[in-house]
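What follows is each chain in one-letter form.
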Amino acid sequence: MNRLVKAALPPAVLFVLVIAAWHYAVVGFGIKAFLVPKPSGVWQAAVENRSELLFAIGLTAAAAMCGFVSSLLIGSLTACVFSQSRMIRSSCYPYAIFLQTVPIVAVAPIIVVWFGAGFHSVVLVSFMISLFPIVTNVTSGMLAVDPDLLDLFRLYRASRWQVLWKLRLPHSVPFLVAGARTSSGMAVVGAIVGEFFAGNLAERHGLGYMILQGTQFSTAKLFAAVIASTLLGITIFGASTLIGSTVLSRWSDPKGGGHPGA
Amino acid sequence: MSHEMSVNATRVEMQFPSGQLGVRDVSLSVRRGELISMVGPSGCGKSTLLRMIAGLMSPTSGELQVSTASSPLPLGEGGRRPGEGRPALDSQNKDSAAREADSQSESQTHRVPQPSPLPEGEGTAATDPRIAFVFQDSNLLPWRSVFDNIRLPLELRGVPFGEQRAAVESSLKLIGLKPDDSAKRPRMLSGGMRMRVSLARALVTHPELLLLDEPFAALDDLLRQQLNEELLRIWTEQRWTGLFVTHNVAEAVFLSQRVLVMSKSPGTFIADIAVPFEHPRDPELRSTPEFAKLTGEVSRSLREAAR
Ligand SMILES: Nc1ncnc2c1ncn2[C@@H]1O[C@H](COP(=O)(O)OP(=O)(O)OP(=O)(O)O)[C@@H](O)[C@H]1O
Ligand SMILES: [Mg+2]
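Top line first, the protein sequences correspond to chains U and P. Heads up, the final residue of the first sequence is numbered 262 in the working numbering, and it's a clean run with no missing numbers. Heads up, the final residue of the second sequence is numbered 569 in the working numbering, and it's a clean run with no missing numbers.
It cannot be assumed that every hint is accurate.
[Claimed, not checked] Chain U regions said to be covered by chain P (calculated; three or more residues, Cβ under 8 angstroms):
#1 21 to 33
#2 167 to 174
[Claimed, not checked] Not the full set, but computed from the structure, chain U residues with beta-carbon under 7 angstroms of chain P:
#3 F237
#4 S249
#5 S252
Since the hints were derived computationally from the structure, they do not count as laboratory data. No residue lacks a Cβ here, since even glycine has one placed at the ideal position from N, Cα and C.
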């Protein structure tokens, strides 16, 4: 608990300072509210639109989580396939890199053309952007297995399947955790970008669509949505980091984190 | 046990795809139940030779034969034959039919002309289940407990869990590990303990040929001596055939019945020094003049080898 307070205090102080600076800058320089609203104005807009905002947060979070979880599964599965053959790797890797480097903003409209607007397309955009870190990390984890360990498995005549399941996959867990941390943040970005293009059909919409609307109607609401998106990103990133470190400590230490002699 | 394996190598040569020679013109004859040490300058090919004997790679020329007196052989607790309980193997193994037939009969032979060295892929090793290998670093799986590490070879062979547990427990006891240790992860163990676990894992299958590649190189001298004594005690009890690679002359002499000295790279054997002390050996043996005389002889031969 004490540690938590220590960790949370500095960012909290900084937060208060930034809010104060923001407020006095707006007031002091007389900036127009449609350019930069005051913090209190943003808060007011958030409260006024709270049901819309909360629903949008929930919807975007759901899309991001669906995208993230499917990228975890499909990404690990792809890495398993990649680990099995150099030929598969060398023929597929260029496309995996293509997936990473092609601007997601450019792909999103294509996805809408192909699959129509709606939640599923938002998930798809989120999935596509968060897939790559998982594939590369887990693949390199699977390939980085100590050659002596591979020899050990060969010595005991392990089948290909046993090598994958009992050696490569567990060996790549720390790599998966590292990839998941990057990927979780990107899944949120992907969901919001996806909603720019594919989120406009639903009666009730996510943060991305709210941001788009905000540019036309109310800067304060726009700010509220942007801040909510940021908080959502931080929350998902934090949660995946926390889960990741729990998994890691389980991975390398006995259950319950016992100590020598325990 | 009366089924220990013997090893016969005739003019074995290993040339890597890079053109580098691993060993050249190696001839070696290890009798059943013999414990032999191999010393030689770094890079002379000791590991290469052990890996060939283990079946992890094939010689590019010469003949290497690993054979037993009687067959089929009991393996582990269940008296299972090599090949049983591993259904996934056959489909993977190109020459598995031939190999399987081999291990049923008297011997397993690598002859010239050789197929190209074993591919680096999985599930393709033409290894003999009666051989165990102890690597230089303990080579344990960090995500597995001591117990789960030791049972790995049995698990890979599809031995039922109950049998695995019994075998692991007796192996733990044999190697001087407490039952409490079995839940720990490798990273919580000292270097000496890790090496014990590694030994226990190698012994859990009741191998008939144990190949040890500088297993104690990373340990301090006292620990090394302790483990030497334990290894020797276990060998005296079980009498498997053993090939022990080391850089430590005292260790080589203390453990084995013969010390083979290899020349510098590409290595070949240049000396075969008999160690006449009988087993069981007393730790005090190390302070006798006869012991000093022999280590002196081996050291001299090693100096020649390095020239
Ligand atoms: N996969 C490989 N490809 C090419 N050359 C290799 C390979 N493995 C080993 N060698 C070379 O073969 C020679 C013998 O290597 P090896 O590892 O068997 O020596 P060693 O006697 O075990 O040395 P050390 O005492 O340092 O462990 C060395 O010159 C090494 O560089
Ligand atoms: Mg070596």
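Now the hints, each set against the structure:
Counting residues of the region 21 to 33 of chain U whose C-beta sits closer than 8 angstroms to any C-beta of chain P gives 0, which falls short of three, so the coverage hint is violated. For the region 167 to 174 of chain U, the assignment as covered by chain P holds, since 4 residues bring a beta-carbon within under 8 angstroms of that chain's beta-carbons and 3 suffice. Of the supplied interface hints, the one on F237 of chain U is violated, with its beta-carbon coming no nearer than about 25 angstroms to a beta-carbon of chain P, more than 7 angstroms. Using the Cβ-Cβ criterion of 7 angstroms, the hint placing S249 of chain U at the interface with chain P is not satisfied: the shortest such distance is roughly 11 angstroms.
For the restraint placing S252 of chain U at the interface with chain P, the shortest Cβ-Cβ distance is roughly 6 angstroms, inside the 7 angstroms limit, so the hint holds.
Hints 1, 3 and 4 from the list above are not met by this structure, while the remaining hints are.
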